[in-house]
Amino acid sequence: MTPALAALFLLAAAPSAAQMLPQVDGWKLKSPPATYTPDNLYEYIDGGADAFLQFDFQDLTAATYANAQKVELTADIYHQRDATRAFGIYSQERRPGSTKMPGKLEGIASADHLELVVGAYYVKLALPGGGDPAILPRFAEKIAAKLPGPRTLPPVLACFPDQGQNPRAETLSAYHFLGHAFLHDGTAVPYQAAGARFRLFAVQGNDAADARAMVAAFRALAQLPKAEVPAEGKLVLKDPLNGEVLLSWSGRWLWGAVDHPPAASQALVDELGRRLLRR
Amino acid sequence: MTNSSIERRDFLCLGAAGVAASLAAGCATVAAEKKAASPVAAGPEPPAGAPAQGDVPRRSLGRTGIEVPLVSMGVMNADNPNLVRAALDGGIFLLDTAHGYQDGRNEEMLGTVLPGRKRDSFVVCTKIFVKTLNRDTGLFGPGTRGEEITEKLDISLKRLGLDHVDVLYLHCQSAREGVTHEALMKALEQAKQAGKTRFLGVSTHKNEPEVIRAAVAAKLYDVVLTSYNFKQDHHLEVQKAMSEAAAAGLGVVAMKTQAGIFWDKEKSKPIDMKAALRWALRDPCVATAIPGFTTFDQLQDDLAVLHKPAFTPADAAKLEGGEALAGLFCQGCAECLPSCRHHLPIPELMRSYMYGHAYKNRAAAQELLLALDLPAAPCEGCDTCPVVCAKSFDVAERVRDIIRLREVPREFLI
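Top line first, the protein sequences correspond to chains A and B. Start counting the first sequence at 1; every next residue gets the next number (the numbering used here). Start counting the second sequence at 1001; every next residue gets the next number (the numbering used here).
In case anyone wonders, no lab produced these hints; they're calculated from the structure. We put the CB at the ideal spot given by N, CA and C, even for glycine. Check before you lean on any hint, since a few could be wrong.
[To be verified] Derived CB-CB ranges, DEER-like:
{"no.": "1", "chain 1": "A", "residue 1": "A158", "chain 2": "B", "residue 2": "A1217", "range": "56 to 66 Å"}
{"no.": "2", "chain 1": "B", "residue 1": "E1177", "chain 2": "A", "residue 2": "G243", "range": "33 to 43 Å"}
{"no.": "3", "chain 1": "A", "residue 1": "E141", "chain 2": "B", "residue 2": "P1338", "range": "35 to 45 Å"}
{"no.": "4", "chain 1": "A", "residue 1": "R275", "chain 2": "B", "residue 2": "H1343", "range": "46 to 56 Å"}
{"no.": "5", "chain 1": "B", "residue 1": "E1177", "chain 2": "A", "residue 2": "R275", "range": "56 to 66 Å"}
{"no.": "6", "chain 1": "B", "residue 1": "H1342", "chain 2": "A", "residue 2": "R275", "range": "20 to 30 Å"}
{"no.": "7", "chain 1": "A", "residue 1": "P155", "chain 2": "B", "residue 2": "R1119", "range": "42 to 52 Å"}
{"no.": "8", "chain 1": "B", "residue 1": "D1136", "chain 2": "A", "residue 2": "T99", "range": "31 to 41 Å"}
{"no.": "9", "chain 1": "A", "residue 1": "D82", "chain 2": "B", "residue 2": "P1375", "range": "30 to 40 Å"}
{"no.": "10", "chain 1": "B", "residue 1": "K1186", "chain 2": "A", "residue 2": "T74", "range": "19 to 29 Å"}
From just these sequences and the hints, can you work out the full model?
Now the structure itself:
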């Protein structure tokens, strides 16, 4: 399918604003919901729009509900290109160690905010003037029931070893992991182990040749001598901009550790690799 | 290596800390010119061990007296602290963030970079959005409290690990009444008096001329942060307001200079970022611009513009070529649809026309056409076309033109 046809198909498949916004007893829409596109998202969230665009933002439905006590609840439903991109922007905004929302959905909750990710949608609920926070998960469940797509985290996250992992602190960077244009999307997870703080990461190539091309570019960046990149291997690289990188690769995967990883982190890197390759 | 053509390999070999010194060599002409034009030289000092920032081309940020680099960093979508470190070490020492960016994570990320650096080696600007602002009208609703600014600023300072910012903006203003809201102006003034910010400003990307003029009239603000780019229909009006602000002593900072990164919705035609940035910087009223960047390659481009900011005929040609493409770009507003008697998918037809004529990709144009499953004579029975296009495209003519592609054998198009 061509990108143009795929876009047409996605547009047809996406639920409308009216279909996404639930009816909740005691709450009414204060005004018709607003819709924003990549061209005018900045009118709603100013410079914050850039981060959403980075993750292939498609459209936003923004609604404000009010109850009889005039408590207001805002529901912002951001539609990104796919589930990975929706998780990406959610992961960038989520504060490490945030409290998980009640129930099975992937989301975090505080006294006046709730953020969750469902399929290609990142949903932000808020009580801007305060109110009973118990209403937030109720709204979240009802909105989630109307959204298509998986309710689970990206499968790659399950490959990161549990030991030493900081809870709910995974991040997904769009397109240029570590700020390098030659790297694709990268998933990174912070760890605290062997008396150090560092991150493990995984980057997926389109195929094995693509992954080797990324390794070759990384080698060139670190000024290593030109050499054919074997099908699998591991290296310690001096990235002039990000410091030492423990890098491994095999098949279409690159993985490793950054942010001054201690030597002891190699065992975690190897475990991550075993899990990635079993997928 | 010249300052105008720093090579990627050189940039990477030097590492972040070595870039500024290399770029600075040979750019004395620009720096001297700008320094001569600047009444005050109270810029930050370089951090200990870093290359001398004094050599980066700067302009004066109005009456604040701060000498800022011509190119600064919009931090809004950067998640890699090493990128910020590289920017700072390269001489891009003004960082622009906001209380609300990434739900506060953006300020927190800066908070991992800034502590440990000399406070006068960088300039930090943040913005506070007051939640009662009606974005459609630009007016603040009932219940607007100045305390919201105080509370949010305290949180921002904690995230940043600083005791003050250099400029605090009232975020997202689009009407005179918003800029001059009494309770908010009072809270901003108190923040300045308390030493939590050195200067005050407003940011705007809608009704910019009105907002800029209101900021001048309010006599409270020192800086305006405004959208300004070559694609703005009203850029001449913005420019006029900016020059009035500069004449009144306000510092002017430009944002959205890249005008959206791509010419087209499909993200296949990138705007030449360096040309767009130089277009904004050619206006002497603009003290600095704050492009966002997420890769070291983009940082390298920004550093190249910082050290060679002159807008050239080649830059103009790049922007004009893109504008021609923009003239073929249907924004898909769908306002035309109700007026077509045959209910044709006009936005898709206009896209096919763009593929064929702007991208010269007739195979893609044909593929889209065939997928639309049009009748053999789509406009049959319409002597005059009732369709009115919001962008004034001659829809009938373009439809007539592009549907001919359906009959062309595929092998002639690939």
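Tested hints:
no.: 1; hint: A158/A <-> A1217/B: 56 to 66 Å; in the structure: 58 Å, holds
no.: 2; hint: E1177/B <-> G243/A: 33 to 43 Å; in the structure: 50 Å, violated
no.: 3; hint: E141/A <-> P1338/B: 35 to 45 Å; in the structure: 38 Å, holds
no.: 4; hint: R275/A <-> H1343/B: 46 to 56 Å; in the structure: 53 Å, holds
no.: 5; hint: E1177/B <-> R275/A: 56 to 66 Å; in the structure: 58 Å, holds
no.: 6; hint: H1342/B <-> R275/A: 20 to 30 Å; in the structure: 56 Å, violated
no.: 7; hint: P155/A <-> R1119/B: 42 to 52 Å; in the structure: 45 Å, holds
no.: 8; hint: D1136/B <-> T99/A: 31 to 41 Å; in the structure: 34 Å, holds
no.: 9; hint: D82/A <-> P1375/B: 30 to 40 Å; in the structure: 34 Å, holds
no.: 10; hint: K1186/B <-> T74/A: 19 to 29 Å; in the structure: 27 Å, holds
Hint compliance for this structure: hints 2 and 6 are broken, all remaining hints hold.
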